[in-house]
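A.B. asks: One-letter residues, chain by chain:
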Amino acid sequence: MDNFRNRDNQFRRYKAHVNIVGTTQIHLRNPYIIAWWSAAFPGFGHLLLSKYLRGLMLFTWEVIVNNNAKINVAMVHTFCGDIQLAKEALNIRWVLMYIPVYLFAIWDSYRTSVDMNKMYLLAERENAPFNSFTIGALEINYLDKRKPVMSVIWSLFMPGLGHLYIDRIVTAFFSLIWTIIFLYFSNTLLAVHYLFLGKIAQATAVLDMQWLMYMPSMWGFAVYDSYANTVENNKLFNSEQKDFLIKHYQSPKFTIKKGMWSVEQP
Amino acid sequence: MIQIFSTFEHSLNLELAISSLEKNGVAKEHIFAVPLTNRKAERRLFDTIHSTDGISLMSTGAALGTAFAVIGASVGFKLAWGPIYWGLIGTAGGFVLGLLIDIFYYKVLKKRQRLLRGKNSEVILIVECHEEKGDIVEDILWHHFALGIARLRM
Numbered sequence: 001m002d003n004f005r006n007r008d009n010q011f012r013r014y015k016a017h018v019n020i021v022g023t024t025q026i027h028l029r030n031p032y033i034i035a036w037w038s039a040a041f042p043g044f045g046h047l048l049l050s051k052y053l054r055g056l057m058l059f060t061w062e063v064i065v066n067n068n069a070k071i072n073v074a075m076v077h078t079f080c081g082d083i084q085l086a087k088e089a090l091n092i093r094w095v096l097m098y099i100p101v102y103l104f105a106i107w108d109s110y111r112t113s114v115d116m117n118k119m120y121l122l123a124e125r126e127n128a129p130f131n132s133f134t135i136g137a138l139e140i141n142y143l144d145k146r147k148p149v150m151s152v153i154w155s156l157f158m159p160g161l162g163h164l165y166i167d168r169i170v171t172a173f174f175s176l177i178w179t180i181i182f183l184y185f186s187n188t189l190l191a192v193h194y195l196f197l198g199k200i201a202q203a204t205a206v207l208d209m210q211w212l213m214y215m216p217s218m219w220g221f222a223v224y225d226s227y228a229n230t231v232e233n234n235k236l237f238n239s240e241q242k243d244f245l246i247k248h249y250q251s252p253k254f255t256i257k258k259g260m261w262s263v264e265q266p
Numbered sequence: 001m002i003q004i005f006s007t008f009e010h011s012l013n014l015e016l017a018i019s020s021l022e023k024n025g026v027a028k029e030h031i032f033a034v035p036l037t038n039r040k041a042e043r044r045l046f047d048t049i050h051s052t053d054g055i056s057l058m059s060t061g062a063a064l065g066t067a068f069a070v071i072g073a074s075v076g077f078k079l080a081w082g083p084i085y086w087g088l089i090g091t092a093g094g095f096v097l098g099l100l101i102d103i104f105y106y107k108v109l110k111k112r113q114r115l116l117r118g119k120n121s122e123v124i125l126i127v128e129c130h131e132e133k134g135d136i137v138e139d140i141l142w143h144h145f146a147l148g149i150a151r152l153r154m
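Sequence lines, in order, name chains A and B. The first sequence begins at 1 in my numbering and counts up one residue at a time. The second sequence begins at 1 in my numbering and counts up one residue at a time.
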């Protein structure tokens with residue numbers, strides 16, 4: 001059950017839609033930041049724009065091709081200055097496939113955010129009513145005020161939890177599942193265990209370069225996306241409540257009466 | 001009749017306050033809400049994204065933090081402290097660097113006007129009621145986190 005239904009297309013654009021799996025929202029973004037997240041990990045830029053299907057597709061593509069081409073291993077060797085090792089690590093049958101899609105993800109997310117910023121301005125000016133409450137058999141979602149810092153903290157503990165906190169179920173489950181895969185195959189937590197025991201060399205030896213290098217972006221994205229969306233959801237809450245109050249609590253009969261009493265007295 | 005003025009932040013508490021007033025017999029026409037447009041200024045260091053210009057002190061920090069984490073973790077395979085420590089050092093270093101860049105950019109290059117700190121009054125709520133109901137109304141408003149209240153006699 002929703003509290004708004006678009007029956008006859010009387011509005012042209014909507015700035016938000018509170019739905020059963022999340023709060024989808026158009027808001028202003030810096031296109032360079034979106035492009036950067038696509039460069040960090042193809043798919044993240046699109047996920048930030050709430051374009052989930054292509055975001056998840058690009059993300060999965062990146063993991064498969066990177067894993068076969070061994071881009072991450074080559075990157076580690078390159079940063080370490082072992083160019084020869086980097087050359088040997090790369091799989092030529094896969095690596096050239098990587099380039100066009102990688103660049104497309106950056107370019108496409110950049111130009112999409114430029115267009116969506118224009119879309120936002122038009123939707124904001126039109127200020128069409130939108131669904132702000134939904135209850136169904138499987139989930140409940142509504143506009144509410146939440147604390148951005150809590151999104152950051154939970155995302156740091158485990159990417160995905162910050163998104164659950166703000167009802168972004170698609171990103172939440174996707175992040176949780178991929179984090180399990182990355183953490184398991186990279187032996188990250190095993191290495192952390194050795195670090196706690198003070199065995200640094202052993203911790204380094206146990207880490208898998210290829211899988212470990214997915215994690216910085218995963219963590220960074222989870223923190224940034226959940227933080228930014230918490231703030232934007234709060235802003236959406238404010239503007240929705242503002243419209244509600246103006247519509248229902250500004251009776252034309254209401255007068256500010258201070259000083260009027262003496263005038264009305266006979 | 002008296003009128004009670006109060007200010008609130010936007011929150012569910014405000015709507016709870018209004019519905020409690022109505023439950024206690026205050027007519028809807030006697031409740032008048034004036035949502036304010038607030039000065040566009042950050043409330044906390046990290047929340048400039050609150051202003052609708054699409055910028056945030058988090059953005060550059062998160063981006064550089066991630067970039068430096070990748071480089072730190074990579075080079076860490078060769079360094080004594082290993083990839084995890086160097087990845088964390090890279091994250092912290094990149095985040096702080098990004099933050100400093102943003103602070104320099106927004107505070108020094110594009111100096112903002114005076115900043116509002118702490119809680120803001122976002123809505124003025126005026127309730128009209130009989131004098132004897134004034135205490136109940138004030139109780140309800142305080143109970144739902146009004147920032148300030150004033151009672152005016154006619």
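If you are wondering where the hints come from, they were derived from the structure by calculation, not from laboratory data. Note that the structure is a prediction, hence the values are computed from the model and not measured. Just so it is clear, CB atoms sit at the ideal spot from N, CA and C, and this is done for glycine as well. Keep in mind that a hint or two might mislead.
The calculated BS3-like cross-link candidates involving lysine-lysine, where the alpha carbons are at most 30 Å apart (straight line), are [said to hold, decoys possible]: (1) 23(B) x 247(A); (2) 119(B) x 258(A); (3) 107(B) x 147(A); (4) 118(A) x 23(B).
Anything over 10 Å on all C-beta distances counts as not near chain B; from chain A, calculated [stated by the list, open to error]: (5) 3; (6) 84; (7) 169; (8) 221; (9) 223; (10) 242.
A.B. asks: Compare the structure with each hint and give your call.
C.D. replies: How the hints compare with the structure:
{"no.": "1", "hint": "23(B) x 247(A)", "verdict": "holds, 20 Å"}
{"no.": "2", "hint": "119(B) x 258(A)", "verdict": "holds, 28 Å"}
{"no.": "3", "hint": "107(B) x 147(A)", "verdict": "holds, 25 Å"}
{"no.": "4", "hint": "118(A) x 23(B)", "verdict": "violated, 44 Å"}
{"no.": "5", "hint": "3", "verdict": "holds, 13 Å"}
{"no.": "6", "hint": "84", "verdict": "holds, 14 Å"}
{"no.": "7", "hint": "169", "verdict": "holds, 21 Å"}
{"no.": "8", "hint": "221", "verdict": "violated, 7 Å"}
{"no.": "9", "hint": "223", "verdict": "violated, 6 Å"}
{"no.": "10", "hint": "242", "verdict": "violated, 4 Å"}
Checked against the numbered hints listed earlier, the structure breaks hints 4, 8, 9 and 10; every other hint is satisfied.
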